[in-house]
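Residue numbers (the numbering used here), protein chains in the order written: chain A, 1 to 121; chain B, 1001 to 1109.
Take the hints with a grain of salt, since some may be wrong.
[To be verified] According to the in silico footprint, chain B covers these stretches of chain A (three or more CB under 8 Å from chain B): (1) 65-71; (2) 84-98; (3) 106-119.
It is worth saying that the hints were derived from the structure and are not from the lab. A virtual CB, placed ideally from N, CA and C, is assigned to each residue, including glycine.
Here's the letter readout for the chains.
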Amino acid sequence: MKHIALGLCLALACVAAHAGGNADRGQRLALVADPKDVKTAGGKGCAACHGAQGEKPSAPEQPVLAGQYYDYLVQALSDYQNGRRANAIMKGFAGQLSKQDIEDLAAWFSSQKTTRLHDQR
Amino acid sequence: MPRPFVQIFIAAALAFAAPLASAQDKPHASIESFHAQCIGCHGIPGYKTAFPVVYHVPKIAGQNPAYIVAALKAYKSGERSHPSMRGIAASLTEEEMKKLADYYGAPAK
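From just these sequences and the hints, can you work out the full model?
Dropping the structure here:
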C-alpha cells in the first residue's frame, strides 16, 4: 500500500513538473542566438522583441510576457503555431518551437517577477 | 378617452421615449459599461476560460496599451478567434479600444 501511495505521488510529481515546463531551459531558449557566443546556442530570439525576461517589449504594440499566466502563454504560442492566431511575425517564431519548447518558454516568462502585469486594475 | 387612460397613455409613451432620447444623446455606451464587460473575466485573479479551451484569462492590467488595442482589433477582424472576445471587440470603436487600453495599461498604482 505504501509503495502504491509513493508511486502515485511520484507520478503526480512528474505530471506537475511536465505541466509546468522547465524554466531554466526556457531562459536559454528565450535568448537571441549569437554565433560568437556559445551560451546563446539554441536561442529562439524572443528576447529581441520582448526582453530577456519578457518585461521590456522593444515596441509598444508588443506585449509584456513577464508574469503572464503559464497556460495562457502556452495557448498563445500554440495558436500562433497552428494559425488560430494570425500574426506573420509570431507565426514564424512559434513555428520553429516544439511542444516542449513552448512549455519551457511559458515556464520561464510566467515565473518572472514583474511590477507591470496584474490581475486587477 | 376617459382622463385616467389618457394619463396612463402619456406616462407609457414617456417611459418608452426616455431611454430612446438618452440613447440618442450618447450614440455609444459609456466607457464604464465596457469596463463591466472586461472585469467579469479579466478582473478575477486566477479566472479561467471555459470555452473552447480551458486556460487562464490573461492578465491585462499593466499591459502595453498599444498591444491591448492591437489585440482588440485582431479579435474584431477575426485574426484572433476567441468567441467571447470577438463579440466584445466587435462592439467597440477604435476610440473606445484606446480608452480601455489606456485605462488597463496604465502602470499599477
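Against the structure, the hints come out as follows:
| no. | hint | in the structure |
| --- | --- | --- |
| 1 | 65-71 | holds (count 5) |
| 2 | 84-98 | holds (count 4) |
| 3 | 106-119 | holds (count 6) |
In this structure, none of the earlier numbered hints is contradicted; all agree with it.
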